[in-house]
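Protein chains in written order, with full-length UniProt numbering: chain A, 1 to 335; chain B, 1 to 472.
Hints were generated in silico from the structure; no laboratory data involved.
Don't be surprised by glycine CBs; every beta carbon is placed ideally from N, CA and C.
Some hints here could point you the wrong way.
Said to hold, decoys possible - Covered by chain A, per the in silico footprint, the following chain B stretches (three or more residues, Cβ under 8 Å):
| id | segment |
| --- | --- |
| 1 | 102-109 |
| 2 | 255-264 |
| 3 | 400-414 |
To be verified - If you want the ones that stay clear, here's a sample from chain B, every Cβ over 12 Å from chain A, calculated:
| id | residue |
| --- | --- |
| 4 | VAL68 |
| 5 | GLY98 |
| 6 | ILE166 |
| 7 | ASP209 |
| 8 | ARG346 |
| 9 | ARG452 |
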Amino acid sequence: MSELQASDLALFWAGVIALAIMVYVILDGFDLGVGILFGSTADEAKRVSMMNTIAPFWDGNETWLVIVGAGLFATFPTVYAVFLSAFYIPVLLLLFGLIFRGVAFEFRYRSQRMRWLWDWGFFIGSVVVAFVQGAAVGAMMRGIRVADGQYVGGSFDWLHPFAVLTGVGLVFGYALLGAGWLVLKSDGALRDWAYTRIGWLVAIVFVIIAAAFATVLSVDTGALAQGHLADRAWGWVFPLLGVAALMSAAWAARARRDALPFACTALFFVAAFLTLGVMFWPYMVPYALTVANAAAPDVSLRFLFYGGVVVLPVVAIYTIGVYWVFRGKVRGGYG
Amino acid sequence: MALDPVILSRIQFAFVISFHIIFPAFTIGLAAWLATIEGARLFTGNTLYRRVFDFWLKVFAVSFGMGVVTGIVMAFQFGTNWSVLAAKTGSIQGPLLGYEGFTAFLLEATFFGVMLLGRERVSPRFYFFACCMVSLGTMFSSFWILANNSWMQVPLGHTIVEGKIIPADWQQIVLGPVMMVRWPHMLLAAFLTTGMCVAASGAWYTLRDVHRDEGRVMLHWGLALVALIIPVQLYFGHLTGLYVLKHQPAKFAAIEARWENEQPASEVLLAIPDEASERNLFAITVPKLGSMIASGNWTAAEVGLESFPKEDRPPVVIPFFGFRIMVGMGLVMLAVSWFGNLLRWRGTLETKRWFLWGTFLSFPSGFVAVLTGWFTAEVGRQPWVVYGLLRTKDAVTPSLTTGDVAFSLAGYMVVYAVVYSFGLHYIYCLLRDGPGADAKPGSGVTGATGKRPLAFAGHPDTATGGSRRQEP
Numbered sequence: 001m002s003e004l005q006a007s008d009l010a011l012f013w014a015g016v017i018a019l020a021i022m023v024y025v026i027l028d029g030f031d032l033g034v035g036i037l038f039g040s041t042a043d044e045a046k047r048v049s050m051m052n053t054i055a056p057f058w059d060g061n062e063t064w065l066v067i068v069g070a071g072l073f074a075t076f077p078t079v080y081a082v083f084l085s086a087f088y089i090p091v092l093l094l095l096f097g098l099i100f101r102g103v104a105f106e107f108r109y110r111s112q113r114m115r116w117l118w119d120w121g122f123f124i125g126s127v128v129v130a131f132v133q134g135a136a137v138g139a140m141m142r143g144i145r146v147a148d149g150q151y152v153g154g155s156f157d158w159l160h161p162f163a164v165l166t167g168v169g170l171v172f173g174y175a176l177l178g179a180g181w182l183v184l185k186s187d188g189a190l191r192d193w194a195y196t197r198i199g200w201l202v203a204i205v206f207v208i209i210a211a212a213f214a215t216v217l218s219v220d221t222g223a224l225a226q227g228h229l230a231d232r233a234w235g236w237v238f239p240l241l242g243v244a245a246l247m248s249a250a251w252a253a254r255a256r257r258d259a260l261p262f263a264c265t266a267l268f269f270v271a272a273f274l275t276l277g278v279m280f281w282p283y284m285v286p287y288a289l290t291v292a293n294a295a296a297p298d299v300s301l302r303f304l305f306y307g308g309v310v311v312l313p314v315v316a317i318y319t320i321g322v323y324w325v326f327r328g329k330v331r332g333g334y335g
Numbered sequence: 001m002a003l004d005p006v007i008l009s010r011i012q013f014a015f016v017i018s019f020h021i022i023f024p025a026f027t028i029g030l031a032a033w034l035a036t037i038e039g040a041r042l043f044t045g046n047t048l049y050r051r052v053f054d055f056w057l058k059v060f061a062v063s064f065g066m067g068v069v070t071g072i073v074m075a076f077q078f079g080t081n082w083s084v085l086a087a088k089t090g091s092i093q094g095p096l097l098g099y100e101g102f103t104a105f106l107l108e109a110t111f112f113g114v115m116l117l118g119r120e121r122v123s124p125r126f127y128f129f130a131c132c133m134v135s136l137g138t139m140f141s142s143f144w145i146l147a148n149n150s151w152m153q154v155p156l157g158h159t160i161v162e163g164k165i166i167p168a169d170w171q172q173i174v175l176g177p178v179m180m181v182r183w184p185h186m187l188l189a190a191f192l193t194t195g196m197c198v199a200a201s202g203a204w205y206t207l208r209d210v211h212r213d214e215g216r217v218m219l220h221w222g223l224a225l226v227a228l229i230i231p232v233q234l235y236f237g238h239l240t241g242l243y244v245l246k247h248q249p250a251k252f253a254a255i256e257a258r259w260e261n262e263q264p265a266s267e268v269l270l271a272i273p274d275e276a277s278e279r280n281l282f283a284i285t286v287p288k289l290g291s292m293i294a295s296g297n298w299t300a301a302e303v304g305l306e307s308f309p310k311e312d313r314p315p316v317v318i319p320f321f322g323f324r325i326m327v328g329m330g331l332v333m334l335a336v337s338w339f340g341n342l343l344r345w346r347g348t349l350e351t352k353r354w355f356l357w358g359t360f361l362s363f364p365s366g367f368v369a370v371l372t373g374w375f376t377a378e379v380g381r382q383p384w385v386v387y388g389l390l391r392t393k394d395a396v397t398p399s400l401t402t403g404d405v406a407f408s409l410a411g412y413m414v415v416y417a418v419v420y421s422f423g424l425h426y427i428y429c430l431l432r433d434g435p436g437a438d439a440k441p442g443s444g445v446t447g448a449t450g451k452r453p454l455a456f457a458g459h460p461d462t463a464t465g466g467s468r469r470q471e472p
């Protein structure tokens, strides 16, 4: 790869997209997690309360995924093209999962007879979306095959055992985030129920991370060898921070501090994201396309910049506003 | 025709975009209609308009929600199935479509929420202003889509560097002469689509003798608006035809099913074009009219498809019939709206049941015109995806297999069948039960936000008054 220097605009947009991914993972992560936990109880009262804790938020949370998708197309079209080609089937499953979840959410209340279908749709949709996102991260860590700016691998290259492991990991990771959210937003029986799940979920996430580390250190050494974590010793601060955050989440659940499990899990996700950042930088599609050689010309980046500096803050303010309006514990329910 | 990733990807794109465009077309029109009727209420103080407004606002919320759901799919299609197109033209198409997304985000985050939930919280004037801004927002959303598509039809303002098509002059790209004709054409089509639906709903209520006051408003306003807009639309349709003649002569020849160069050229009114033998079966033609339509005189020479190498010719059947169905729908709207206004003038509009039935049954005319018009434009652009620059067959994702696309296409069909049947059933219930079935829109639904419009329309148990159980 050429040692091209990324322009300021390219760095700006790479930063915006990275931030949008981060915001998406935490925000949609908790509502996907609630959807995953939704499938682990058959108690209708709990299910209704769970839905209520995410009702005003879930749709807006997905906005950030569209910002990532549309942003990549506009500012890093090669990354957009390669990523979506390489993950053709997972992206399809992601879209189907999101659609089914969304529709299930709106139609669940409208139909008694079909409720079972929407309940399954909501649960399965959430699990599938979480799984393919996690699998995509695992497949990215192993590297994407690219030639002449196009994906040259097969349709199922992503479905490697390591990626399956990371996919399952993210299902439980999001469930943990969702359990933290339920503790934060509910009280009574649902909060107690969510508290008891946090300890288990932390343990499972730990086991999966350990298994992933064991895999890359033993049977699948190629995956990490290409990353830059080894030659960036300072970067180890992030995985250590992640482990500390995860342990704090379990401790906070035991101490029954309502706001802390979610905050700690969110911090864990930030740390994991930064760890990946240290591994990948300056690659956007590891280990083939860098920020510099995937960026659209500055004339495109500048054109979009004028809209972005107006719209993105408005979306951010709107997001904060909605969370502020619907702050506190859910008691009556939002419908 | 062998099923390869290219043809399957084309079918898939046509499928998902066709089922998407229906909702934006409807919502652009609905937003303008809501702003109009809210304005009428503000300036006349007539509370009847408020009831009509509240009713259509619910329909608007549901179709906006459906548009967003189907639109998310569109945001990924270019990369999943057309990655060469995405990589080569992404620095032009990406920002244009990005601005469309920005417009939608801005709308959802601001005035759309005010419109759905702010009736009691802001002054009537500001509420009307919010309605106008939402209407303007939907129009600007379509502006970017049309700017992007117009650039694909007639690419301008770009340069080619290392095989990539990159922007050189944004003003030319965004505001090309073609765009200035096609954007109004699409906006007017959206207004007409909604106008016909509004009039048809009014006719439906009048026929069933329910919601007579609201039905009268819908019938009269709908027919009056369509009658005013349709001549303007026919004119913009003509201008659109002229751009095709000037910039895409092969598409024009395909629409006309003109195989040979002719002077003077006849006009094929109806025929069965046969692409294998390059001639028309059972053609009904009018001598010399073809020259008049294209060039404005009775003697001009017009090019036929024989002037283009075979590999540069578009398919003929879809543009030919698509165009004629579109024009036919325009004539239906013209006939219904003008005749309806004649009846209005004579004071017999609400008693002529056969006419009310005709109006009710012509509710899909706008949707059919929008779809067939787009089929004509898009199929007629073939074999190019970006006219003259990039062929469709070269734009497809190279790593795709036939199995991949067959799987995804089947998946989209199943998912859309489920989502659509529920969405349409819901809109149908809203329309069937009519205004006033729900005392207050959004009542009891506090989880609705600008980003979650489907929740706003309320539960059908209240919105449809439980009348579903009375259905046979």
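Okay, the hints, checked on the actual structure:
Under a criterion of three residues with beta carbons nearer than 8 Å to beta carbons of chain A, the stated coverage of the segment 102-109 of chain B is upheld, 5 such residues being counted. Counting residues of the segment 255-264 of chain B whose CB lies closer than 8 Å to any CB of chain A gives 0, which falls below the minimum of 3, so the coverage claim is violated. With 7 residues bearing a CB less than 8 Å from a CB of chain A, the segment 400-414 of chain B meets the requirement of three and the coverage assertion stands. The Cβ of B/VAL68 does not lie farther than 12 Å from every Cβ of chain A; its closest approach is about 8 Å, which violates its non-interface assignment.
Separation of B/GLY98 from chain A is inadequate, the least Cβ-Cβ distance of about 4 Å not exceeding the 12 Å criterion. The non-interface label for B/ILE166 is inconsistent with chain A: the shortest C-beta to C-beta separation is roughly 5 Å, within 12 Å. For B/ASP209, the condition that its CB be more than 12 Å from all CB atoms of chain A holds, with the nearest at approximately 28 Å. With 12 Å as the threshold on Cβ separation, the claim that B/ARG346 sits away from chain A holds: the shortest Cβ distance comes to roughly 44 Å.
With a least CB separation of 4 Å from chain A, B/ARG452 falls inside the 12 Å interface cut-off, contrary to its annotation.
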